[in-house]
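Got chain A; can you put chains B, C and D on it based on the hints?
Each chain, written out:
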Amino acid sequence: MELSRRTFLKGTLVGGVGFSALGFDLTPVYAQTQGLKISRATETRSTCPYCSVSCGVIIYTLGDKAKNAIPQVVHVEGDPDHPINRGTLCPKGSSLEQDILNDRRLLKPQVRRPGATDWEDISWDQANAEIAQRVKKTRDDTFLEKDSQGRTVNRCEGIAWTGGCTDTNEFNYLVVKSMRSLGVCYLENQARV
Amino acid sequence: MTNGWIDIKNTDMMLIMGGNPAENHPCGFKWAIEAKIQRNAKTIVVDPRLTRTAATADLYLQIRAGADIAFLGGVINYALDNNRIARDYLVNYTNAGFIIKEGFKLPDDGLYSGFDPETKMYDKSSWNYEEGGDLSGKAVLPTPSGQNARATHVQGSDTGQGHQGASPAGAKAGASPVPLLPSKVAFDLSLQHPRCVFQLLKKQYERYTPEMVERITGIPQDQFLKAADLYTSIRKDGDMKKVSTIIYAVGWTQHSFGTQIIRTAAMLQMLMGNVGRAGGGVNALRGHSNIQGATDMAGVFDTLPGYLKMPNPNDVDLATYLKRITPISSKPDPWNSFNYWSNTPKFTVSLLKALYGPAATKDNDWAFHYLPKIDRNYSWVNIWNDMYEGKIKGLFAFGMNGVMIGPDSTKNIEALKKADWLVVCEIYPDETSEFWRAPGISADDQKKINTTVYRLPGAGFAEKDGSFTNSARWLQWKQIALPPPGEARLDQDILAMIYLKVRELYQKEGGKFADPVLNATFAYTNPYAPSLAEVAKEVSGKALADITDPKTNQTIKSGQQVPGFAWLKDDGTTACGNWIYSGSWTEAGAMIQRRGTEDPSGLGIYPNWAWSWPANRRVLYNRASCDLNGKPWDSSRRQVWWDEGKQLWVGNDIPDFKPDSAPKDHMGPFIMNPEGIGRLFVPLGGMADGPFPEHYEPIESPIANPLHPNQSNNPVVKKYKTEFDKYGTADQGFNVICTTYRLTEHYHYWTKNNPMNVQLVPEPFVEVPAELADRMGVHGGERVKVTSARSHYIAKAMVTRRIRPMKIDGKEMFQIGLPIHWGFRGIAEDEGKTAKTLANQLTPTVIDPNAFTPEFKGFLVKIEKA
Amino acid sequence: MSDRKTLQIQRMSAHPGPIPGTGVQRDVQVCKLVDTTTCIGCKACEVACVEWNDMPFGATTFDNTYQTMPETRWNFWNLIKFNEHPREDGTVQWLMRKDQCMHCADPGCLAACPADGAIVQYTNGIVDFNQENCIGCEYCVSGCPFNIPKLNPGTKKVYKCTLCSDRVGEGLEPACIKACPTGCLKFGTKDDMKFIAEERAKQLRDNFGMEKAGVYDPESIGGTHVIYVLHDATDPERYGGLPKNPTIPWSYTVWKWLFKPVLGAFALFGGLGVLLHYVTVGPRRPQPEPPNKEGTNGNGD
Amino acid sequence: MATAIERFDERARRRFESLGRTVVYVGELRRHPVYTRFLHWMVALFFFLALFSGFGIYLPWLFRWFTPIFGGGPLARALHPWFGIFCVFFFGLQMLNWLKPMMWTPADTNWMRNLRGIVSGKEKLEPPDTGFFNAGQKLQFWEIVIGCVVFLITGIILWAGARTFGSTLVAISYVLHDVSAIVMLGGIFVHIYLSTIGEPGTFQAMTRGAVSEPWAWTFHPAWYREVTGRDPRESYEKAREETERAVTQNPSESKLRSK
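Chains as they are written, first to last, in my numbering: chain A, 175 to 367; chain B, 470 to 1335; chain C, 80 to 380; chain D, 9 to 267.
Only chain A is shown next, with the shape it has when bound in the complex (with noise of 0.2 Å):
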């Protein structure tokens, strides 16, 4: 792997086996003359998800976009241009390729019944009409439109919503827009803890 990158000119390497007992001059190593592992992949501007200084990375994927190139990350460096981090990154910072190809990650939904005592794989469209239809009935059941004084109050106090540190602004205003429009009160975030 080391030597992989560290490629020697070959040509003059060892300058041949036999030659080399009678010994001398035998120039076995030049410069280095291969480029980065990183100069021909594509660069794709990020911000780091982990703390709040939000420092630029720069994520280094496989191939050059062509079509039949499918991307996967193959290195991550801090985004000199970014005026916070100027480059630098932390050690989480440092180890995003890790976050980002891990094999742990969750690759297929998945379900646990009932009673049951591990997970059991379900598709995308049967996980979605079932969790839809538990927020409806969780919703119809639990919803209360005028409370003990007679005031409106069309609150759904049956469903809560955790979001995590991660969420873009995007996403957490799209879900300020449906949560409270389904009546969420229980409406918490990171942010708060």
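Misleading hints may appear alongside valid ones.
[Stated by the list, open to error] The following label-pair restraints were derived from C-beta to C-beta distances: (1) 285(C) x 706(B): 20 to 28 Å; (2) 285(C) x 583(B): 51 to 59 Å; (3) 249(C) x 1023(B): 45 to 53 Å; (4) 174(D) x 243(A): 16 to 24 Å; (5) 1019(B) x 278(A): 55 to 63 Å; (6) 320(C) x 1066(B): 27 to 35 Å; (7) 249(C) x 240(A): 21 to 29 Å; (8) 1202(B) x 166(C): 28 to 36 Å; (9) 913(B) x 298(A): 29 to 37 Å; (10) 166(C) x 680(B): 24 to 32 Å; (11) 243(A) x 914(B): 45 to 53 Å; (12) 337(C) x 213(A): 40 to 48 Å; (13) 240(A) x 977(B): 52 to 60 Å; (14) 1334(B) x 226(C): 28 to 36 Å.
Derived from the structure by calculation, the hints contain no laboratory data. Note that the Cβ used here is the ideal one computed from N, Cα and C, for glycine as well.
Chains B, C and D alone, transformed into the frame defined by chain A:
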């Protein structure tokens, strides 16, 4: 942050407390180092542990977790005693000279005036300004009562920055008329009046003597005085040139008096004239990439986007609601107040138009009734409490690992057992989705758990576009680098899929109050895969009809993006998803995608890089960086200034101020407060637990509060009442103070899935002072068991001299610390290398009464060899 | 084809002939500056190194310290050493020092290495291992005063920090330098780094009360291409065993370049000697030999 | 102690004798038993393996071409200590086997005095008190013993490396190891020469195990006397007379017999 990451480089002095930026924000901390190198700036770190931040400090003090107000109050006392204050700033930019109503009482016994022990709430009517005029030099004269004052409305919590801040939900139903701020405030610019804020402040904090600070915090007096002297040294004899900053994080917020710690810091900064200035401010370092954005976008129960308040049941219609939440200025008569929140109706109607589009009409009150009306606390800890009590049937957890986060993770697991359904969207297997097979739940037990759990594979950050808002309020767009793996989908596609399916069901079957479900706008090009760029444009706002600015005659055509929130209307001709983000995506393009790297002033403003709210202002309240005449306090750090020729405020930053308000108008720089000035004293409903911060002990404390032993804790804090909500005392043997934290090598509960980070710190550990370890007979690397009133935690001991024994109120005590990063799913966990206990199984269910943040720091445990 | 190469070699281990890169092209001396007074021990450099070099992850165990592992590994070239140094007043100074190859001007590894071209020093000062020529003898390990080179038991070759010679050769800074959040790592020419380091040490002495602050650039090995600013330059040992006067055992140089060839020749002379003996004196045969054709002093048959 | 070693060696010799054979023809004497020969060639094998793999480490620029035999430099380096260990092990057994005959005697001192004459070829016969081994052989033997000790100690130090023993010790060991190898190498040249073309008739002592009687009375007269009971000088004179007589009768025959 009032300022920004890069701006820290402009400081002369840093107080880092309640935060560990070197470990948790390393790349932001570079600007603190930059200040050290370029300006010889000094750093004071006050922390329960000698952290990696403290390792670079010029002065490090070990404080008891939860004693921060005592320390800061002591510094305030020191600054006042030694004239290390910014007098002009204080008089003109804060409410130091405002007179407080008669009947207001300081908490000598631990209680402010108006406490009701029944409800554990305050009647805050005495926490108000006196109505009147200029009382300067007339200290002895009786003042007229404010009863018949022209009423103005209550202004809520801190409005500027919005970090975790929120006022308690809605007023109590049917209560007597809410007390209001007087529009003309009595004032004494000589600051001599015994009831002026300054004199009350002095009285409040003269109790925080170095002796008292030592008793409460455990910091020896000489060290405390060294720190107080060093920190306030920049304001020696009132010289205004230098500036200091205070940097904090969740070490302050996660207390049952967290908001008040931050207020103490803000008050100290006001006293010293550090707010609004380059290199100054009160800087919250938020712990995650977009919780600033989530707060701005109202991902929390008590607000709507842009810090608009949630309606309550008394808001029978939009007008009532707007009347309640729109403040009217309240100030000394000769002064001016911009009172920017007076524009609240425009922001509100534009939001409703964005949410409900054509369904929001003038006739239906812009669909105001679609919004739920709340009258109680629906915050994080209540979600789990109410789920445990059976009120919540279904939970969505989108990238939120509630079991790990706690507090009292065991209770959260029990709560989930009672839910009907749980939908988790995650990228790794997490503890929340697998709560039903948490350690200790046998296969037989699992069969009794009836919760249906859907676990949906979401997309990682590199697979999604969209914007994050950083701690410095910069909105930055990120690009998609690659598609999600396997069958994983983009989070917004998953949300849209579910929502549109629910809508379909309501269309087909009807149901309870279907209107908002059916009418919320989802008019994206592909509603099932909403383009986040389209959403971002909706958030920034557009004109729904041709609108013209009467001053400039500039017209925005119907359908065009609005240039900023100044264009928003309350007549339905504009739609804007979040007024503070208005202007982030204009007709000129996406401001949040800008990559201009020029910084002409050298102050680190970078005006053309991305975009910051509000209106691309980089330092909030920057009017305060100038003296009364509009000249910068320090000519070498010029942010904004008054241009006499142009009769405008101009500068390197965008003035956070009314641009044409001349200095002689004496408009206050804190334009989001109805007073226009900074609040040393928070009147009326701003704070739940007192207009000045007072030191209270954490709910679990080893001592009685030395200030008032009979009112040890924050009086308005309520405990939860299920059988899981147990609170320990020193008498029960919980005599070690414990605090939780993150390590620089790990990020919450993600990087336990990352082999690189796992290699850096492979196992959970507990930091134990060497003296305590000696007493326990424990060596480094041996397992210890930490037990709180709720549960226990097992990990290896890191025996260190970086935490030392302390003398608290004369008693020797120990503090220990535990990193939070390990659960029961992760690389080390799955390899069986950990005990699979969760740090937050130890933490108590108790919350700050203002921000509702749990008290993760400073609880009691016992520790023994495992 | 031009001789122009991104990195030219000025020294080569155990190479008997002229070195191909000497004097053929101008070059600056590069240098890494580590300011231990602004290091926060965040380990970004450790990660950046492992990530850039795509090194496989290894197992670690908790060892009562924040330090990732006791010493560098063949696949972990860059390690922050954490040390709790007790002060006289009972408080603790927490020291963090990035430990990695120092890229000595006079490299002990190169002096000790017997393999031709396995260790090279480029004209810009970087000391690099060429694993193709490495024979895994680990003499470099003992020749290094800083305990840096480590054997990969799988390939039986030795590895260490390359100062990202691939990046530097392309005009980039090393990966660790780029990552360092606080800027305690800097990269540039040796002259510039030396200047910045001395200025910083002076600032620490003048403004931060660190009277003993200074720069670590040990003369005993001709200086290094990694230099440190230390809070207390009089006691580098406290930073996890940074030697005050690192030395290369003289035996390597003398032995390798003087006695080795001489004694080798001596052994060969042994062979030559017996050959000459056979030719001049001839073999000793069991007696009696058959008599010669022409008396006792003739030419055999 | 010595008796224990003797008993051990004796058992080993008997055991090896039952596995192999030493054929002694008429006019020959049994020189080395199977056990000795086995040990010798084991030592030789591992010595040369160690030597050649060591060459690749000693001066790779010159001897790199040895290393492919061992699968390349690193493997040569990895195998080298094992070769050394085996070499030392077998030599250790040989040492026990030969401990007694290798003891220095006054005859050896005497032999050393005559060294010049022996090397120059003037003295056709070794001094009459030269026993089973002459002083030269003994010197080499003890050199190898010392060499093996040095190899073993320094080799282990080099093997464990600087992290166990510190770089100074390793640096010193490195020199000593090499010096030892050089000295031994020089000795090996002489040994091979003398056991092959330098002293014809010797080589079979380590192959078949038997030597001719003339070889014995020429090079190890005292041993000849010991095993035959005859006086070597007398035997030699008798043979010489016979040879001379044969030459005058039939010159061509004499050549065959002298071999």
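Hints and how they fare:
| no. | hint | result |
| --- | --- | --- |
| 1 | 285(C) x 706(B): 20 to 28 Å | holds (24 Å) |
| 2 | 285(C) x 583(B): 51 to 59 Å | holds (55 Å) |
| 3 | 249(C) x 1023(B): 45 to 53 Å | holds (50 Å) |
| 4 | 174(D) x 243(A): 16 to 24 Å | violated (53 Å) |
| 5 | 1019(B) x 278(A): 55 to 63 Å | holds (59 Å) |
| 6 | 320(C) x 1066(B): 27 to 35 Å | violated (42 Å) |
| 7 | 249(C) x 240(A): 21 to 29 Å | holds (24 Å) |
| 8 | 1202(B) x 166(C): 28 to 36 Å | holds (34 Å) |
| 9 | 913(B) x 298(A): 29 to 37 Å | holds (32 Å) |
| 10 | 166(C) x 680(B): 24 to 32 Å | holds (26 Å) |
| 11 | 243(A) x 914(B): 45 to 53 Å | holds (49 Å) |
| 12 | 337(C) x 213(A): 40 to 48 Å | holds (45 Å) |
| 13 | 240(A) x 977(B): 52 to 60 Å | violated (45 Å) |
| 14 | 1334(B) x 226(C): 28 to 36 Å | holds (35 Å) |
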